[in-house]
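Starting from the known structure of chain A, fit chain B onto it as the hints suggest.
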Amino acid sequence: MSTETLHLNIDRADGSLQRLIGLVERRGFHIDGMTLSDEGHGRHVELAVRGRDAARCTRTLGRQIDKLFGVTRIDGRPSGQHAGQAAAFHPEVAA
Amino acid sequence: MTASAARIPEPAAAPKSGARLLVSTLERLGVEVVFGYPGGAIMPVYDALAGSKLRHILVRHEQAAAFAADAYARRSGKVGVCMATSGPGATNLITGIANAMMDSIPIVCITGNVAQGVMGTDAFQEIDILGVTLPIVKHSILVRDPADVPAAVEEAFHIAASGRPGPVLIDLPKDVQVGQTSEDFGFHIPNAVTPIDHDAIARAAEMIRAAERPLIYVGGGVKIGRATEQLRTFADQTGIPSISTLNALGTIPTDAPGFQGMLGMHGTRAANEAVQEADLLIVFGARFDDRATGKLAEFAPHARVVHFDIDASEIGKLRETHVAVTGEIAPGIEALSAHLSGTPLAIDPWMIRCDTRVRRTAFRYEDAPGEGVYAPALLKAISEAAGDDFVAACDVGQHQMWAAQHCRFAKPEAHITSGGLGAMGFGLPAGIGAKLSDPDATVVVVAGDGGFMMNVQELATLRRYGVAVKVLLLDNSSLGLVRQWQELFFDGNYSEIDLSDNPDFVKVAEAFGVEAFRISRREEVQAGIARLLAADGPCLAHVIIDPRENVWPLVPPGKNNAEMMEGA
Numbered sequence: 001m002s003t004e005t006l007h008l009n010i011d012r013a014d015g016s017l018q019r020l021i022g023l024v025e026r027r028g029f030h031i032d033g034m035t036l037s038d039e040g041h042g043r044h045v046e047l048a049v050r051g052r053d054a055a056r057c058t059r060t061l062g063r064q065i066d067k068l069f070g071v072t073r074i075d076g077r078p079s080g081q082h083a084g085q086a087a088a089f090h091p092e093v094a095a
Numbered sequence: 096m097t098a099s100a101a102r103i104p105e106p107a108a109a110p111k112s113g114a115r116l117l118v119s120t121l122e123r124l125g126v127e128v129v130f131g132y133p134g135g136a137i138m139p140v141y142d143a144l145a146g147s148k149l150r151h152i153l154v155r156h157e158q159a160a161a162f163a164a165d166a167y168a169r170r171s172g173k174v175g176v177c178m179a180t181s182g183p184g185a186t187n188l189i190t191g192i193a194n195a196m197m198d199s200i201p202i203v204c205i206t207g208n209v210a211q212g213v214m215g216t217d218a219f220q221e222i223d224i225l226g227v228t229l230p231i232v233k234h235s236i237l238v239r240d241p242a243d244v245p246a247a248v249e250e251a252f253h254i255a256a257s258g259r260p261g262p263v264l265i266d267l268p269k270d271v272q273v274g275q276t277s278e279d280f281g282f283h284i285p286n287a288v289t290p291i292d293h294d295a296i297a298r299a300a301e302m303i304r305a306a307e308r309p310l311i312y313v314g315g316g317v318k319i320g321r322a323t324e325q326l327r328t329f330a331d332q333t334g335i336p337s338i339s340t341l342n343a344l345g346t347i348p349t350d351a352p353g354f355q356g357m358l359g360m361h362g363t364r365a366a367n368e369a370v371q372e373a374d375l376l377i378v379f380g381a382r383f384d385d386r387a388t389g390k391l392a393e394f395a396p397h398a399r400v401v402h403f404d405i406d407a408s409e410i411g412k413l414r415e416t417h418v419a420v421t422g423e424i425a426p427g428i429e430a431l432s433a434h435l436s437g438t439p440l441a442i443d444p445w446m447i448r449c450d451t452r453v454r455r456t457a458f459r460y461e462d463a464p465g466e467g468v469y470a471p472a473l474l475k476a477i478s479e480a481a482g483d484d485f486v487a488a489c490d491v492g493q494h495q496m497w498a499a500q501h502c503r504f505a506k507p508e509a510h511i512t513s514g515g516l517g518a519m520g521f522g523l524p525a526g527i528g529a530k531l532s533d534p535d536a537t538v539v540v541v542a543g544d545g546g547f548m549m550n551v552q553e554l555a556t557l558r559r560y561g562v563a564v565k566v567l568l569l570d571n572s573s574l575g576l577v578r579q580w581q582e583l584f585f586d587g588n589y590s591e592i593d594l595s596d597n598p599d600f601v602k603v604a605e606a607f608g609v610e611a612f613r614i615s616r617r618e619e620v621q622a623g624i625a626r627l628l629a630a631d632g633p634c635l636a637h638v639i640i641d642p643r644e645n646v647w648p649l650v651p652p653g654k655n656n657a658e659m660m661e662g663a
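Residue numbers (this note's numbering), protein chains in the order written: chain A, 1 to 95; chain B, 96 to 663.
I should point out that these hints are in silico values taken from the structure, not numbers from a laboratory.
Please read all numbers here as calculations on a predicted model, not as lab measurements.
Ideal Cβ placement from N, Cα and C applies to all residues, glycine included.
Please note that a few of the clues may not be correct.
Result set (DMTMM-like, lysine to aspartate or glutamate): computed pairs, CA atoms no more than 20 Å apart in a straight line [said to hold, decoys possible]: (1) K390/B <-> D406/B; (2) K475/B <-> D641/B; (3) K475/B <-> E423/B; (4) K506/B <-> E324/B; (5) K506/B <-> D535/B; (6) K654/B <-> E605/B; (7) K506/B <-> D533/B; (8) K390/B <-> E415/B; (9) K412/B <-> D14/A; (10) K67/A <-> E423/B; (11) K173/B <-> D535/B; (12) K654/B <-> D586/B; (13) K67/A <-> E618/B; (14) K412/B <-> D11/A; (15) K506/B <-> D462/B; (16) K654/B <-> E324/B; (17) K390/B <-> D53/A; (18) K654/B <-> E368/B; (19) K412/B <-> E39/A; (20) K412/B <-> E4/A; (21) K475/B <-> E619/B.
Away from chain B, derived, C-beta distances all over 12 Å, residues of chain A [as the list claims (entries may be wrong)]: (22) T3; (23) E4; (24) T5; (25) H7; (26) Q18; (27) R26; (28) D32; (29) T35; (30) L36; (31) E46; (32) R63.
Extracted from the complex, chain A is given alone in its bound form (with noise of 0.2 Å):
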């Protein structure tokens, strides 16, 4: 499996590092790497992530972390925006 790089804000409430790691490895994904970055008001975190095995899909994950209040991805996605309150995502079509 490959790893990837994820890069987050995370605000500085109780629980929200803990909430973001959590999620991570109980989704089936290896933390390979972290690094935590004062940002003021809030943290950067870039994760270093990988698959357990081949089923597990970076951009499910993504959008798991995407439900979390309090944590927001910058890779592309506008901030403090959450699954509930999105705009449409683009629909998908399978090959």
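Then chain B, alone, in the frame of chain A:
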């Protein structure tokens, strides 16, 4: 607090404690009923409850508070509320919180905790409940300042109910409960409107028009998304046959034309065979749960998939999706119906095939084996006798599957069951929550002897509040579903399933002050049903059933849904 939220200062008021702010905020949000159990670390909240407008239901175990709040939410469509003290009170909520998470039910759980100054010191009844529950909540908030209490509560309610609903935990340290503040901040999150993706809808409509064997796959997200009427209209207008997950039963009425029944492990032959033959699945608010799909790689092998869901992370999670429509389901279905109106689908041969199979494979009751009470026939009869106001609050086990297979459900709120978690002990407290949310409903707890004993203490709650729940206790003196699997898949090696030393359940109920009687023979069933339903208050019918009776059909583990086993 979320980035998009805004704290709205309200007029200055006299100083209040965090506990009083909690109670006044719950009142302001329209909460009427709270299920809970007091203890040391939440005593300031209970002090503030006295004299409030809130009706507190004192359960006899915190797990029952969470289950009752869950069922209250399922039946009413409102957010259910439960509360407990720190430590063991909080940990006793956990199974109920997980149940709400698995079935996407909006509940807010309020826990007391030790004062912040002693957090992390292993203080008496200190548990990091926020940390313990992280995997099983939609969100959780540890409140550190009394002034933040109103905002935290309002945020919790908003998160619990919005988008894909779920449980939210609010942890209140004792110093926050007793701390005084004159600040009182409201909280406002603007309601986001999800635009309908008309391009995706048009592609979905195109696929439906092109399909020869389309099938509507109804999940629990339809009722949660209040899209029942839209879905029923869509099914009526198009004539497309439909199937349902366990949690969605009642969304399409059991006796509606084209309805094939529940799919999956204990689904109907008609539903499972229709899935395997379909060339298009139109999925509304379902997550391809393994109990529904059987062997995933062989599930619906000929079907393309159109998937409507509010939760984008469910799209493509387990099954490839060809057209995805994320967002609120009700407007999505309305838009789809509009695209398809005026153009009848050319699916008559498929409709006839499905209807014929439904009739040919329907359950039969008249030739039930033996002379004892046949539970499937009893469940069918009581649901028909209770009529459209019937609500089944099911426990977990064989009886749960029989209820799903054989009861008549006219409304989506008529079937309350622990679907995702499968939590034994759910039935009785769920019945209490459902009845308190809708006193006019005929709420029947369908329980087995194993699960009933897990929350039997709630008979005291029935008695205390006169909650007129009818308990149908199907007693096979064993853990029936486990016994069935041991019979079929473990060479009949029966291990720890014997419950023949159960207490006398009639005497137990009477000891709690609840009317009770026994049904032992088939000829007693009709009179027993009439007596149970006619009882003014809570009543328990103890029904002796054959311990060898199994649930059929059954898709064995690791098999596809076409490989159903049938009983004798």
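Hint-by-hint comparison with the structure:
1. K390/B <-> D406/B: Violated - the C-alpha atoms of D406/B and K390/B are around 24 Å apart, more than 20 Å.
2. K475/B <-> D641/B: At roughly 17 Å apart (the allowed maximum being 20 Å), D641/B and K475/B satisfy the hint.
3. K475/B <-> E423/B: Violated - the C-alpha atoms of E423/B and K475/B are around 34 Å apart, more than 20 Å.
4. K506/B <-> E324/B: holds, 10 Å
5. K506/B <-> D535/B: Holds, because 14 Å separates the two Cα atoms, which is no more than 20 Å.
6. K654/B <-> E605/B: Violated: K654/B and E605/B sit about 46 Å apart, past 20 Å.
7. K506/B <-> D533/B: holds, 14 Å
8. K390/B <-> E415/B: The given pair, whose Cα atoms are some 15 Å apart, holds under the 20 Å limit.
9. K412/B <-> D14/A: violated, 29 Å
10. K67/A <-> E423/B: holds, 16 Å
11. K173/B <-> D535/B: holds, 17 Å
12. K654/B <-> D586/B: Between K654/B and D586/B the Cα gap is close to 18 Å, so the pair holds against 20 Å.
13. K67/A <-> E618/B: violated, 54 Å
14. K412/B <-> D11/A: Violated. K412/B to D11/A sits at ~27 Å, over the 20 Å cutoff.
15. K506/B <-> D462/B: violated, 29 Å
16. K654/B <-> E324/B: violated, 35 Å
17. K390/B <-> D53/A: holds, 18 Å
18. K654/B <-> E368/B: OK: K654/B and E368/B at ~13 Å, within 20 Å.
19. K412/B <-> E39/A: The hint is violated at about 33 Å.
20. K412/B <-> E4/A: Distance ~18 Å between K412/B and E4/A Cα, so the pair holds.
21. K475/B <-> E619/B: holds, 15 Å
22. T3: holds, 21 Å
23. E4: Consistent with the label, E4/A stays out of reach of chain B, its closest Cβ about 17 Å off (over 12 Å).
24. T5: About 20 Å separates T5/A from the closest Cβ of chain B, which puts it past 12 Å; holds.
25. H7: The assertion about H7/A holds, with a minimum of 17 Å to chain B.
26. Q18: Given a closest Cβ separation of 6 Å, the condition is violated.
27. R26: Per Cβ check, R26/A is inside 12 Å of chain B; nearest 6 Å; violated.
28. D32: holds, 21 Å
29. T35: holds, 22 Å
30. L36: holds, 18 Å
31. E46: holds, 20 Å
32. R63: violated, 4 Å
The earlier numbered hints that this structure contradicts are 1, 3, 6, 9, 13, 14, 15, 16, 19, 26, 27 and 32.
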